[in-house]
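Starting from the known structure of chain E, arrange chain P on it as the hints suggest.
From first to last, the protein sequence lines stand for chains E and P.
Here the first sequence is numbered in this note's numbering, starting from 1437 and rising by one per residue.
Here the second sequence is numbered in this note's numbering, starting from 53 and rising by one per residue.
Among these hints, one or two may not hold up.
[Stated by the list, open to error] List time: in silico SDA-like cross-link candidates among lysine to any residue, alpha-carbon distance up to 25 Å:
1) E:K1793 <-> E:R1721
2) E:K1718 <-> P:I129
3) P:K63 <-> P:K101
4) E:K1718 <-> P:K63
5) E:K1609 <-> E:Q1588
6) E:K1755 <-> P:D89
7) P:K63 <-> P:G180
8) E:K1718 <-> P:T110
9) P:K97 <-> E:K1609
10) P:K115 <-> E:R1721
[Claimed, not checked] A few chain E positions that, by computed beta-carbon distances, are all more than 12 Å from chain P:
11) E1468
12) E1561
13) E1800
No lab work stands behind these hints: they were computed from the structure.
Because the structure is a prediction, the values reported are computed rather than measured.
For every residue, glycine included, the Cβ atom is placed at its ideal position computed from N, Cα and C.
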Amino acid sequence: MRYLPKSPAERQEMLAAIGAKSINELFSSIPERYRLREPLKIPGPYSEAEVIQYFSDRAAENSAGYTSFLGAGVYNHLRSVVTDAIIQRGEFLTSYTPYQAEIAQGTLQAIFEFQTLMCQLTGQEVANASMYDGSTATTEAVLMAERLTGRQRVLVARSVHPEYREVLRTYAKNSGLRVEEIPFTASGTVDAKALQGALKDDVAAVVVQSPNFFGVIESHAPLAETAHAADAMFVVAITEGVSLGLLRPPAEADIVAMEGQSFGLAPSYGGPFAGVIASRDKFVRQMPGRLSGQTTDSEGRRGFVLTLATREQHIRREKATSNICTNQALCALAATVHLTLLGKEGLREMAEQNFSKARFALAELLKIPGIRRSFDAPFFNEFTVELPRSVKMVNAQLLRERIIGPLALGTPYPELTKHALVCVTETTPRAEIERFAGALKRALEQPI
Amino acid sequence: MAYPKTYRYSKEHEWIEVMGDVATIGITDYAQHELGDVVFVELPKLGAKIETGKSFGTVESVKAVSEIYAPAAGEVIEANAELQNTPEKINTDPHGSAWLIKVRLTNSTGISDLMDAAAYEAYIADKGKEASA
Chain E
1437 MRYLPKSPAE RQEMLAAIGA KSINELFSSI PERYRLREPL KIPGPYSEAE VIQYFSDRAA
1497 ENSAGYTSFL GAGVYNHLRS VVTDAIIQRG EFLTSYTPYQ AEIAQGTLQA IFEFQTLMCQ
1557 LTGQEVANAS MYDGSTATTE AVLMAERLTG RQRVLVARSV HPEYREVLRT YAKNSGLRVE
1617 EIPFTASGTV DAKALQGALK DDVAAVVVQS PNFFGVIESH APLAETAHAA DAMFVVAITE
1677 GVSLGLLRPP AEADIVAMEG QSFGLAPSYG GPFAGVIASR DKFVRQMPGR LSGQTTDSEG
1737 RRGFVLTLAT REQHIRREKA TSNICTNQAL CALAATVHLT LLGKEGLREM AEQNFSKARF
1797 ALAELLKIPG IRRSFDAPFF NEFTVELPRS VKMVNAQLLR ERIIGPLALG TPYPELTKHA
1857 LVCVTETTPR AEIERFAGAL KRALEQPI
Chain P
53 MAYPKTYRYS KEHEWIEVMG DVATIGITDY AQHELGDVVF VELPKLGAKI ETGKSFGTVE
113 SVKAVSEIYA PAAGEVIEAN AELQNTPEKI NTDPHGSAWL IKVRLTNSTG ISDLMDAAAY
173 EAYIADKGKE ASA
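Pulled out of the complex, with its shape left as it was, chain P reads as follows:
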């Protein structure tokens, strides 16, 4: 699956798309692949404050529950309600309809430090080498 050029990516495998002061956050195709079949997503309530690097929710697959870490700080203005009934969308469309939350950014300074698509693809290719080494 292609990694959209307009997104930024974190080492913890979240993506973020910034439009003005609003950002959309999700997990990457690599992350969903590592997790396996997703069966449940736990997302923050509207109005919740998320902090860079801190966990804001969990993704549960048949084999594990993983934390989702915020790639930026902000206030949650929308959580993807559809994922409550169809969490498996994270496996099929992680970069699109299976976005997790939308936040109003309170601090966007760290975002430019995140990887672009090319850097992230190199990063996960490296991970692949590590795993097979």
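For reference, chain E alone in the conformation it holds in the complex:
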């Protein structure tokens, strides 16, 4: 289904057909005081040349030639031009959400394949057609657990992405949902004893992230067992999907909420990203959003349908399972194309490179006097180190050498002042890791 612009004459024709004299008459049911009486305050109109100049200027503001060691929920990975070539086809790029689902077979098939890939990656039985991003997916997973258990207390590990926790608190604020945080141990993992202590029969869900915000890999199985012993649902959030190329999928989870940005989406400022929710078949009725399903038509040919959409906002109003009524179809398509190009071996190889390069980077950094590792638990492609100086001051120095430094953990975690979260992916050349270590050493040696 394509987006079709309308000429003024066509608008008149449509108004005439429904018996309205003007657009204003069409909107007459909207009270006068809520109507906009002046043109929208947007500049222009501009000529084609001016528009091109404007966007060229904005594009030139992008930084180039920097090497980044910043991850923390957004990751720089290799992307193929094939992905962009496919998602820029008009049939995908301009198509709107499939409300008349069955005529959009291509869109439904792409969504179906996305769901299949997400199930294979997460070890779950069913995945939906995507959410906004990892943070909303995590929150929707909690709301799902709330509906399934009828309980309103949620235990969230403090090592879950701080912004994911913020989104959850925003949703919880006026809904009666009580969110409590579980501390982390000296190794950087979820404090299992604290979790055990906080678990009672009123807990709807236990939420952990792995690899967690410090890059540390959690052991799902014992945590799941603890949660399940209290009949609470076990929710696993994943910010770095590439880790699934190497790590065991969180099959013990009741719901997996994942950020799909690592799969073919550039780390642009503000997104767009693609959230993933995957779960067990038996929980599907409480899953937000929609599901595409494979079927056969009356002549026995393979076809696709919107299998589950009856609980969506546009059908069920205030009783819908979620107010997220749209999906990230184009981003989900990018992830699907990207993963299909990579294949199973490709994803594993990419994950292995992340794993090895992060270890090389850690070894290089630990050679610098005064730097020590913050947590000793296993990690994937991010790790935390403590610097002898303010991370922000060091980062200002690094930026002058065209290096985007690690995340200063002191802002989200006051107890981790001077701790830095370093990210290394397959895109970081060995020489750049060495240049980073050298620049960091110089920055620390400079008199304050």
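Using the frame of chain E, we list chain P on its own:
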């Protein structure tokens, strides 16, 4: 399909059959017809309290999810487990084997205000006229 004379009917298209202090509740043939092919039923747990006029579950068809409203107040003593695997029974036998729940009535005062079979048939015939008007 005939509407059993021993049942009472609500405006929201539920039926109720009272035997002593226990009542069986289901949805009417008219309701299943309006919904279309039923694919899922969500019923309350044993021991749940239902209140007159309040929703106690949902029936999902291929085109919509609808609330089921309690025609009387009581405590759920049985939910029709067979409907979990064969929800389509609601389409074929709504007044019989596809009953939804059995409750122990805590307040039966409102039941006599519900329609009898003749009144309900007149009520849905009226609805039919509305729709075709």
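Unsatisfied constraints (hint numbers, rising): 1, 4, 9
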